[in-house]
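*Asks:* In case you want the letters, here they are:
There are 2 protein chains.
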Amino acid sequence: MRTRIAERLGCDVPIFAFSHCRDVVVAVTKAGGFGVLGAATFGPEQLEAELRWIDDHIEGRPYGVDVIIPTKYDAKAEAETGRTDLHDLIPPEHKAFMKRILDEAGVPELPEDERERVHREIMEGRGAMTPEGARKLVRTALAHPQVKLVVSALGAPPPDIVAELKQRDVMLGALCGKPAHAVRQKEAGVELIIAQGTEAGGHTGDISTLVLVPQVIDAVNNEIPVLAAGGIARGSQVAAALALGAEGVWCGTIWLGTQESELNTFEKEAIFRARTEDAVRRRARTGKPVRMLKSKLSEAWEEPGAPSYLLPPLQGILYNEAHARVVRAQRGDLFSFPAGQVVGAMAGETTVKDVMYQMQLEYLEAMERLVALQPKE
Amino acid sequence: MRTRIAERLGCDVPIFAFSHCRDVVVAVTKAGGFGVLGAATFGPEQLEAELRWIDDHIEGRPYGVDVIIPTKYDAKAEAETGRTDLHDLIPPEHKAFMKRILDEAGVPELPEDERERVHREIMEGRGAMTPEGARKLVRTALAHPQVKLVVSALGAPPPDIVAELKQRDVMLGALCGKPAHAVRQKEAGVELIIAQGTEAGGHTGDISTLVLVPQVIDAVNNEIPVLAAGGIARGSQVAAALALGAEGVWCGTIWLGTQESELNTFEKEAIFRARTEDAVRRRARTGKPVRMLKSKLSEAWEEPGAPSYLLPPLQGILYNEAHARVVRAQRGDLFSFPAGQVVGAMAGETTVKDVMYQMQLEYLEAMERLVALQPKE
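Line order of the protein sequences matches chains A and B.
So in this note's numbering, spot 195 of the first sequence is number 192, and the numbers just go up one at a time.
So in this note's numbering, spot 375 of the second sequence is number 372, and the numbers just go up one at a time.
These aren't lab readings, by the way, just hints derived from the structure by calculation.
Treat the hints loosely; a few may be bogus.
Pairs count within a copy or across copies, as identical chains cannot be separated in the list.
[As the list claims (entries may be wrong)] Straight-line Cα separation of at most 25 Å, SDA-like style, residue types lysine to any residue; simulated pairs:
no. : residue 1 : residue 2
1   : Lys183    : Glu257
2   : Lys285    : Gly202
3   : Lys291    : Val277
4   : Lys163    : Val115
5   : Lys285    : Pro304
6   : Lys163    : Lys285
7   : Lys293    : Gln371
8   : Lys92     : Met120
9   : Lys175    : Gln43
10  : Lys291    : Asp157
11  : Lys291    : His200
12  : Lys291    : Gln212
13  : Lys175    : Asn317
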């Protein structure tokens, strides 16, 4: 399944792995795929450290970086970023609501030192999620010559970033959930579209991958490559994506269950326990719809009388602090983590190598099945 | 793409067409596919007339009938069916709400004679939607020897129906939206599972076709054939479905735009105008989630203060009377018709023959593309 995009980027198979975990990025890339580090929650210093580690382990192979350049953003939060503690911009009503959910469920507060550490990490990451913060991340990535792809998770980036990537011959990708987005992204200079269906984990739209991919390919006149994202975790789904005309697949959820993943045992067990129908789209995590495991925490925000959602980054700051409390208390009933609908088919820990092998094996089986249906010459 | 199910049922290609329109059923079957008449809105007498017409035109080929055997049903409505006018069981608040939407939008009332005709047709159809009504429909279908497949749209039918079909050697199919449904259906004697993704028109669940199909195949241990439904209207999507392991595809929305379709020009134009994101899941039409074109009518029922939805068949009776008013007034802004997400790619009138030809042509192109990616021997 060596497609044009695999040739262009220099990987063996067009299996793109989105992960916040450097170990996954390295392991996928070394297994012949293309790892993409989700950098949105890092500050520039941490990203620099992660990329240096990847450079040291990836044996000269190419990889990618994914940044979030938000289009909808709380303007006051942006203006104040770096000057004030963004946490202070969260309305007291929202803080009280989140606190009440956790207090009533008997989830202990974080110890002071851990609270401060979590708070600092979130602030570094969220500060990077402003347009200016994203620029810094892109520049950090560009200093690493093995970074051959930069992906913008929320639409086309501003022209200065596009120009800088072009100059350095780094490919620019963007995620899209509607054909109209793809048209705008192509016009803005995006060279690789990741058509992400509603079944994906994380920020998603309404349109399913099966419907979206052919529409996006048509929308860009098949002039730039399109990857399929959402609902892809096994070989038959890879074959389906290529049948739709995608040049490769973009997978995220499946890596969460690997040994290499950043999740701890409690978090992995919640993932393995989850059914497909538990991965729902909710706004509690960032203020925009994110497909994630539903829990008492996510559902409380859907109840009548709950406060309205905040804009990014404030909802995310509020949510992530609560999430840290939930994870520390190992409370599965309140654990909401971004995951796609493929989560229902993940039953136990694997390795990146296993996943890559099984995917390609099942892909070949699917191809055999398809070829057997062809009329004999 | 002649799969086992195509061989078993005696069609050339495993493209199953669900339609309420006998002309579509005949045209698809004559073009090598397998037409399935959606009989849920017919009374037994009308179904008998439709099937007789199909028998007269289908040139001895096999076809199918789809019935709705409801699992959730307003018990009072069922007890009263045939004895009282079901319309009288609809609470006055609900009637007043629906009337107010249309009155305020300036939609004229139906003339008295047309109101009576619509009312009579709905009652005949809805009466058939009780468990007992569905039995009558199945018996009507079984009197037609070219009916080789009976499909139950809402889960496994009761054991007496299963036994009767088996005795007559008519295949029994059922639609499912979750792997667990498929397991129960197989245990109940269902021989063909139609795994229907959330992107489908009509009653749907949450899980996308790309995720659902492999899960359902695994759930039934690949022991009975599975068709993919939802998001399939073109050849690349057919190829994707077969790549997933489906033995064929089940399409509904695409036929609405054909010359043969039962829709009038006003209705077809609304279909061609609709974008993918206009096909949303709402409960206004039957009381259960149905993917349909959104309109002021469907959205009014989602507003705070709207009455709660009625159980089948009462919500459907209320909705269908309003719908007849909307269609007569040709009010596109209030027109909500069941349609899947593929609706966004339908831009103008076609014929059944065209659709069948294009689907197979694009399927072959997709196969060529896939085969070209295979390593050379």
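*Asks:* Now tell me if each hint is right for this structure.
*Replies:* Hint by hint, here is what the structure shows:
1. Proximity of Lys183 to Glu257 under the C-alpha cut-off of 25 Å is found in neither arrangement, the shortest distances being 34 Å within a copy and 38 Å between copies.
2. In the homo-oligomer, the alpha carbons of Lys285 and Gly202 lie at most 25 Å apart both inside one protomer (10 Å) and across protomers (22 Å), since each shortest distance falls under that limit.
3. Both within a single protomer and between protomers do Lys291 and Val277 lie at most 25 Å apart by alpha-carbon distance, with minima of 6 Å and 21 Å respectively.
4. When the C-alpha separation of Lys163 and Val115 is checked against a cutoff of 25 Å, the pair qualifies neither within a copy, at 36 Å, nor between copies, at 63 Å.
5. Taking CA atoms no more than 25 Å apart as the test, Lys285 paired with Pro304 passes inside one copy only; the shortest distance there is 15 Å, against 28 Å between copies.
6. For the identical chains of this complex, Lys163 and Lys285 are neighbours neither inside a copy (30 Å) nor across copies (51 Å), given an alpha-carbon limit of 25 Å.
7. For a Cα distance limit of 25 Å, the shortest separation of Lys293 from Gln371 qualifies neither inside one copy, at 50 Å, nor across copies, at 47 Å.
8. With identical chains, the CA atoms of Lys92 and Met120 are at most 25 Å apart within one copy only, with a shortest distance of 16 Å there and 53 Å across copies.
9. With identical chains, the CA atoms of Lys175 and Gln43 are never at most 25 Å apart, being 33 Å at best within one copy and 42 Å at best between copies.
10. Taking the shortest Cα distances, Lys291 and Asp157 never come within 25 Å of each other, neither inside one copy (39 Å) nor across copies (39 Å).
11. Taking CA atoms no more than 25 Å apart as the test, Lys291 paired with His200 passes in both settings, with 14 Å inside one copy and 23 Å between copies.
12. In this homomeric assembly, Lys291 and Gln212 come within 25 Å of each other (Cα to Cα) only across copies, at 20 Å, whereas the closest approach inside a single copy is 30 Å.
13. In this assembly of identical chains, the alpha carbons of Lys175 and Asn317 never lie at most 25 Å apart, being 28 Å within a copy and 32 Å across copies at closest.
Taken one by one, the earlier hints fail for this structure at numbers 1, 4, 6, 7, 9, 10 and 13, listed in ascending order.
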